[in-house]
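Protein chains: 2
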Amino acid sequence: MSAWHKRKISGVLLDITGVLYDSGPGGGTAIPGSLEAVKKLKSSGLSLRFCSNETTVTRKTLIEKLNSVGFSLSEAELFTPVPAVCKILKERNLRPHLLVTNECLSDFSTVDQNNPNCVVIADAETNFSYHNLNKAFQLLKSLDNPVLFSLGKGKYYKSGNDLVLDVGAYMKALEYSCDLQAEVVGKPEKSFFNTALKDMGLSADECVMIGDDIVGDVGGAQNAGMRGVQVRTGKYRPEDENHSTVKADGVVDNLSQAVDLILAGQSS
Amino acid sequence: MSAWHKRKISGVLLDITGVLYDSGPGGGTAIPGSLEAVKKLKSSGLSLRFCSNETTVTRKTLIEKLNSVGFSLSEAELFTPVPAVCKILKERNLRPHLLVTNECLSDFSTVDQNNPNCVVIADAETNFSYHNLNKAFQLLKSLDNPVLFSLGKGKYYKSGNDLVLDVGAYMKALEYSCDLQAEVVGKPEKSFFNTALKDMGLSADECVMIGDDIVGDVGGAQNAGMRGVQVRTGKYRPEDENHSTVKADGVVDNLSQAVDLILAGQSS
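Residue numbers (the working numbering), protein chains in the order written: chain A, 1 to 268; chain B, 269 to 536.
Simulated from the structure, these hints should not be mistaken for lab results. Among the hints, erroneous ones may be present.
[What the hints assert, rightly or not] Here are the simulated lysine-lysine pairs, DSS-like style, with alpha carbons at most 25 Å apart:
| hint | chain 1 | residue 1 | chain 2 | residue 2 |
| --- | --- | --- | --- | --- |
| 1 | A | Lys-135 | B | Lys-515 |
| 2 | B | Lys-403 | A | Lys-158 |
| 3 | B | Lys-426 | A | Lys-135 |
| 4 | A | Lys-60 | A | Lys-90 |
| 5 | B | Lys-515 | B | Lys-426 |
| 6 | B | Lys-515 | A | Lys-141 |
Given the sequences, and given the hints that come with them, work out the whole structure.
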């Protein structure tokens, strides 16, 4: 089979943190070459969507943050787990206890949170205190039919120069102590990728997902029928190239290289 | 087969929290009938040991706490995970980064903690902050051969009127994010029970373990060849009697009832 970038590509899905920019104290910085790469993609005529499990800030703040370092994203192009879980909560008449960052709370303002009958955890950062995790645990333990939503299940991500624990760690803690299995909303769930594909009006086999997470981005996209390409930026680690369960369709140094390969592959 | 208390019993192992007393703010309180039950056991001539995964306080404080509410325990009768893990660390030339309560630190004073090459977690209570868990995670992630010791793997326990997360939850979080399997020291590990059995000079089939944890106490004891009896005090919950993997040899209302059954069963 020909190289991943030589087969037909009509749409590109991009992860944000670790691909477009590195998060960290002070708002983060654009990854070299990514600004130009996004511009090239936008002017190429290919469909483009941004798929991120980012939940530490509101969608509005995330877009402001990205645009302040030179990107140009709109809400309509951005797929994150919060709108997806809000839809599920309303459909199933569930009222969440939220374990999220203080800022993220405002993205749930239209959701009834009285007398909670489920728990939603996101990347709550320092709100993942012993006290707050116990509150979520105690509520789940008190319910006849406990439901835990986890917005993503990442193992870790890069913040500044450090790797830090992602929501998946806390999901596993609650799953173990409550004897339940969380419902994951976000990457790597197929349904999450499908929402973006549907929005583009494209089929999975004509789309490529580019991300720094071998499981959440690459494995998730492949499971949804897309090609999954990993960048060697963000949380990428060399051992990802010998991952026990996921083999990327391609590995590139950064987004810039991926976009150049895509554009060259489609025009040749 | 005859009832658990009618077969020969030469030794009794008791869990502490939830069996002898309930922990909680202000030092905790003895469970009704337990003081008398321990006295009866001590004067019966049966061998008696206390097996606890308690790590929030030092061994000395634990004994003082128990004796202040009327028990009479000595260090020699008390089996907890800290001395066991200290022995392992020295044997394997491992220097721990400790994620434990501030008080528990002093039980590790003889262990070299410079330039750590492993992590030990215990029930660290409020020290299980996002910051501290990240420090343990980052160290493990930096090691070529990461080793994580978990002092017990309980899911939760009762503190005051609340169920609270036990060390097992945090063990699962680190296992997931570091892609490793912790080495558990303490209940329900067979080797931990065997140390107490060896100290009594008794074989497993003539001993009974009494605890409130269906997995850690009852399942662990049974796996070591003992009978495992659950009390309906402490963290006991009615669904434990239909547990998916562990069936207790006996279930009793409290320690007092267990001891009365044992003493009646042995004299008849």
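Okay, the hints, checked on the actual structure:
For the suggested pair Lys-135(A) and Lys-515(B), the alpha carbons sit about 30 Å apart, so the restraint of at most 25 Å is broken. A hinted pair counts as satisfied when its Cα atoms are at most 25 Å apart, and Lys-403(B) with Lys-158(A) qualifies at roughly 14 Å. The suggested pairing of Lys-426(B) with Lys-135(A) holds, with an alpha-carbon distance near 14 Å, which does not exceed 25 Å. Note on Lys-60(A) and Lys-90(A): the hinted pairing holds, with a Cα-Cα distance of about 22 Å set against a maximum of 25 Å.
A hinted pair counts as satisfied when its Cα atoms are at most 25 Å apart, and Lys-515(B) with Lys-426(B) qualifies at roughly 21 Å. Straight-line distance between C-alpha atoms of Lys-515(B) and Lys-141(A) comes to about 22 Å, which keeps the hinted pair within the 25 Å bound.
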